[in-house]
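Let the hints inform the model, and build the full structure from the sequences given.
Here the protein sequences line up with chains A and B, keeping their order. If you read the first sequence in the working numbering, its first letter stands for residue 1, the second for the next number, and so on. If you read the second sequence in the working numbering, its first letter stands for residue 1, the second for the next number, and so on.
This list has only true hints and no planted wrong ones.
A partial selection of chain A residues facing chain B, derived with a Cβ cut-off under 10 Å:
# : residue
1 : D176
2 : W177
3 : Q190
4 : I194
5 : V195
6 : A199
7 : A201
8 : A275
Don't read these hints as lab results, they were simulated from the structure. For glycine and all other residues, C-beta sits at the position ideal for the given N, C-alpha and C.
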Amino acid sequence: MVLSLRMRALVLSVVFLVVLLGVWEASHKGAAAVGELSEYDRLMGTASQEAGVPPPSAIFVRAWEELSDPFYDAGPNDKGIGIQIGYSLHRVLAGYLAAAIIAIPLGFLIGMSPLMYKALDPFIQVLKPISPLAWMPLALFIIKDSQASAIFVIFICSIWPMLINTAFGVAGVRKDWVNVARTHELGSLQTALIVILPAAAPTILTGMRISIGIAWLVIVAAEMLVGGTGIGYYVWNEWNNLDLTSVIFSILLIGVVGMTLDALLAAVARMVAYAD
Amino acid sequence: MSSFLEVQGLSKTYPAPNRKGEGLTVFRDVTLRIEKGEFVCVIGHSGCGKSTILNVLAGLETASKGVVIMDGKEVAGPSLDRGVVFQNYSLLPWLSALSNVTFAVKARNPKWSREQVREHSYTYLEMVGLTGGAEHRKPHQLSGGMRQRVSIARAFAIQPKLLLLDEPFGALDALTRGSIQDELLRIWSGTGQTVFMITHDVDEAILLSDRILLMTNGPEARVAESVAVEIKRPRERASIIHDPSYYAIRNHLVEFLSKRSAELAGKPLESTGEGDGPVEPRVVRFHPKGPAPVSPSGAGPSEPPGLAARA
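Here it is, written out as structure tokens:
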């Protein structure tokens, strides 16, 4: 029986996962088998200084606990993982959508006007390479609200890929297609909606995918700084609690959520893609 | 008498790269008239500015000198009165064949209902034989011939006063080209559309046109001659070659393209001695019975009334 490439890849992925988890689990068992420390060892501190990384089985158990009741709220330092993810997603989406609302029209303007392109290019080139977290102190000072500052940091980090890709996509629309719009006497708005937007949509979506990826990377760091709520805060809080099981669990969860966000935009990108 | 389309003293000069010195004049002093319902082809070598002339007629480019007057109004910018079919089809790839036509029909008739737009679009898609499911395909799922059919349907569907075809069959294989030429001829004879078409193909030009404009080589290209094709319509590919004037015209065109287009390059047209006005290309006609070309110098009566030098 010959399996399709996809099935074979899936089988291989599962094999890798099992081997990885098996080795991890086994190495932990080996470390634990050293046995109880004697009183002498404890007094002399000759036991291993390193706390062991928890085994996958412990992480599964923690994941099950957390995911079976994701929305409990037992005070500022003890909220369900669903609530934390929800806070993070809320900030990411708020900053990201604000960035899209500004970046896409501005990108259109820059893409359609060589004058605006040249005039705004120096600003973009200087602002783009700034680490979004570098804005944090300034944001905190001006906005005076840590939650809004986190949203601002997301906004500032997701605006650039969308802006640059939109401008690039709009500027690159084939002259033939623009001529089609012109010979059919389409007005500026109609040209933008009927010809330029669909023509540039795949490039714009590429920018939006890059942006959501960066936004999700940055939110973890931003929440570690501003604290209070969110998955980034959760990771840091569990680190302070020395609960590595929760840290590893949340790391994996961050990956899964980021993958989902990307997959959603990839689906939108497929809808607007066209073959030439 | 003013014609439907008048082109007077058209020149196009591109500035020199360093903005110093003289620019490149692609064509100069192009003067021609086209009557309503006429099918006119332009032949010339690459680089003589044929496409630029067409783009100026379309309003997509501006000329450096001269004017284009259509129906008594100067052409300034693109308009739905002039439909264009480009060599590379210029279909919007994200729209189906049908939507590529309906968007144009909607642009032409903004007040029409959805049903009217659809019906009208289907009429023209049927004319080019693109129905029965094919109209819902995207351009990339269609062959080159089918794409050009959509493009032709779109251009006819907006019912422009002037149809501009820029080497519409240049990218097609010979067999497909033949069948679409036949379709174009059939649709055109039904609509009486005025057509200005660019081609490289001598046989295509004779089959389709009432008149063939011959351009000298660029730079500084000119429309040197206007060859009347008076073979009776309806024409058919198989029978047209038996017309007595067919080979006379064909030989004349081939000879012009292979020899005289280069010889005449850069030289101003012989003035007809009527002052400084723009000079129209000399008219060449072939009598159906005799193959010898009759040049207008000294043979005034042979000029068709619409093309006679202005008095």
